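Engineer: Line order of the protein sequences matches chains A and B.
Numbering follows my numbering, with no gaps: position 65 of the first sequence is 65.
Numbering follows my numbering, with no gaps: position 21 of the second sequence is 21.
To be clear, the hints were calculated from the coordinates, so they are not data collected in a lab.
This structure is a prediction, so every number in the text was calculated from the model and none was measured.
For glycine and all other residues, C-beta sits at the position ideal for the given N, C-alpha and C.
One should not assume that every hint holds.
Not everything, but these chain B residues come out facing chain A in the computed CB check (under 7 Å) [stated by the list, open to error]:
1) ALA9
2) THR23
3) ARG29
4) ARG52
5) ARG102
6) PRO107
7) PRO109
8) ASP149
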Amino acid sequence: MAPIIEARGLVKRFGKTRALDSLDLTAESGQVVALLGPNGAGKTTFIRMVATLLQPDRGVLRVGGYDAGRQAAEVRRIIGLAGQFAAIEPAMTGRENLRMVARLFGQSRKSAKANAASVLAALGLTEAADRLVRTYSGGMRRKLDLGASLVGAPRLLLLDEPTTGLDPRSRIELWDAIRTLVGQGTDVLLTTQYLDEADNLASHVVIIDHGRVVADGTPSALKQRVGGKVIEVHVRNADDMPQVARVLGRSGDGEVRIDQGTRQVGVTVEGGGQALMEALRAVEEAGVEVEDIALRQPRLDEVFLALTGQPDDTAAAPAGTSHR
Amino acid sequence: MAVIAAAPATRTTRLGTSTLQITHRSLLRYLRTPQLIVLGTIQGAMFLLIFRYVFGGAIPIKGGIPYVDFLVPGFITTGVLFTGMNAATGAAEDLQQGFVDRLRSLPVPRLCFLTGRAIADTAWNTWGLIVTAAIGFAVGFRIHGSVPDSLAAFGLCVVFGFAFEWLFILLGLMAGTPQAAQGMALLVFPFTFVSSAYIPVSSMPGWLQAFASHQPVTYMVDAVRLLSQGHAAEVLIGHSTGYLVSGALLWALGFVVVFAPLAALKYNHS
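Input sequences plus hints: build the corresponding full structure.
Structural biologist: Next up, the structure:
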């Protein structure tokens with residue numbers, strides 16, 4: 001089967017900035033592809049191109065076998081788009097919103113009604129279906145937005161930062177919704193700034209930066225290249241930091257990073273729990289007072305550091321996603 | 001997909017169906033914003049009362065027409081310019097809040113956003129016209145022309161509203177944010193005020209009269225005034241009904257011919 005998305009040498013300039021700088025990407029059918037990168041990496045530009053909202057300056061983009069430029073009308077029939085800004089109508093109820101989108105997909109009144117109802121049920125929104133969207137919480141709006149992209153039964157679902165700005169509980173609920181709804185073979189392209197989101201949802205991750213693909217592969221393959229997990233020690237006295245760095249240097253597998261401001265010392269490790277135990281013992285033997293010690297997933301900035309050898313200069317890594 | 005029975009769309013949705021959906025949605029947006037209805041009505045009533053009772057006494061009208069009968073046709077006609085601003089802010093909101101993006105990713109004709117909005121905005125305008133006319137009658141306005149002529153005058157106002165919608169939609173799409181759209185829409189004020197709507201053009205300085213008596217709003221106001229006030233207004237204005245109505249309609253047609261394609265062009269490239 002032909003790839004659902006095939007991009008060759010895509011270039012898009014906005015003034016002097018190159019949002020996409022000769023981007024090549026192939027997404028096979030039958031999987032969830034996550035486009036991971038910091039703000040300004042070109043994720044949204046790419047997804048808008050796939051959604052036929054933008055034209056490339058150069059290069060070729062095929063979606064479902066159709067040319068996204070010349071056959072935009074064909075592409076629009078097979079995609080569903082859910083945006084960063086929930087593009088649903090606050091002055092309409094959830095049901096009215098979905099019925100409108102279904103009708104715009106050309107469905108008859110009857111099937112629009114039926115499809116809206118089944119999408120609402122699948123997303124757990126049946127109870128709120130007849131309330132104005134104005135009264136919905138942020139998480140409910142995102143779910144409905146997702147529903148609006150599903151009601152046309154798309155072959156390819158495009159989700160642009162579906163959980164940005166949501167509280168942790170709503171994020172997990174939305175992840176569940178995405179997993180449930182796409183479990184049956186709809187292809188998905190999603191963009192995210194969060195490594196754990198890509199990890200949770202995607203079978204294939206493409207990391208982009210400055211409009212180019214930096215790395216791609218399965219989440220586990222990428223994590224292996226990054227080197228497993230990160231041990232982070234938060235010391236009470238800043239004077240102890242050099243000593244902790246020496247200790248971690250011995251048990252870790254990568255370069256030790258020291259953050260003077262937060263009094264944190266971190267190192268990448270291959271083996272998770274075992275390495276943490278060793279580090280704990282070593283720190284204890286050294287007699288250092290510790291505020292906190294944790295084993296966590298690498299953050300996006302650390303992935304960038306590992307894969308590109310350069311720090312992620314936009315510092316887009318979110319706080320609070322690493323301690324769960 | 002298990003939850004959805006439908007297959008992906010096989011063709012582009014018809015213009016009629018998609019226009020209707022956009023119209024319905026844009027109208028609901030108006031109707032379910034009570035602030036807009038209440039404030040719009042209060043504002044209209046307030047300005048009418050101020051003109052009628054505060055300024056009115058200082059503005060003599062030749063030919064014995066009471067000021068209220070002179071004012072209200074002008075006030076109703078220019079009402080479409082005030083209500084029309086909602087079309088500009090509405091279009092800018094649709095752009096900013098992602099509705100346009102969603103629409104453009106759907107298998108619908110490009111034009112449906114504009115046709116849907118224009119119909120909804122015209123309907124909203126018509127509602128505004130009815131409210132303003134009712135307030136006008138309440139403060140003493142009376143028809144002195146024939147009833148069919150007066151109904152025709154009302155119909156003309158609806159047509160003018162439709163014509164101006166295209167300018168306002170274009171401004172909204174150009175502005176990008178509702179605030180900027182409102183600012184740009186206010187630029188029509190000179191056309192509203194430097195016209196025959198609230199005071200006779202003859203009371204203005206000579207150089208201003210040249211502009212005031214030849215700009216579209218004056219044609220539209222005078223056509224409506226003549227149709228609703230009959231012979232006395234014809235004497236005052238000095239033109240025949242046919243001349244004014246065809247002039248006003250030509251202006252309206254000109255607005256659609258110029259601004260509708262520009263709005264479509266802007267929409268396609270936004």
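Engineer: Now, for every hint given, state plainly whether the structure supports it.
Structural biologist: Now the hints, each set against the structure:
1. Annotation: interface hint on ALA9 (chain B) holds; nearest CB of chain A at approximately 4 Å, less than 7 Å.
2. Of the supplied interface hints, the one on THR23 (chain B) is violated, with its beta-carbon coming no nearer than about 11 Å to a beta-carbon of chain A, more than 7 Å.
3. Against a cut-off of 7 Å between C-beta atoms, the interface hint on ARG29 (chain B) holds, since the closest Cβ of chain A lies about 5 Å away.
4. For ARG52 (chain B), the interface hint is violated, since its Cβ never comes within 7 Å of a Cβ in chain A; the closest pair sits about 34 Å apart.
5. Hint status for ARG102 (chain B) relative to chain A: holds, with the closest Cβ pair at about 4 Å, below 7 Å.
6. Look at PRO107 (chain B): its Cβ gets to within about 4 Å of chain A, closer than 7 Å, so that hint holds up.
7. About 9 Å separates the beta-carbon of PRO109 (chain B) from the nearest beta-carbon of chain A, more than 7 Å, and the hint is not met.
8. About 38 Å separates the beta-carbon of ASP149 (chain B) from the nearest beta-carbon of chain A, more than 7 Å, and the hint is not met.
When each numbered hint is compared with the structure, violations occur for hints 2, 4, 7, 8.
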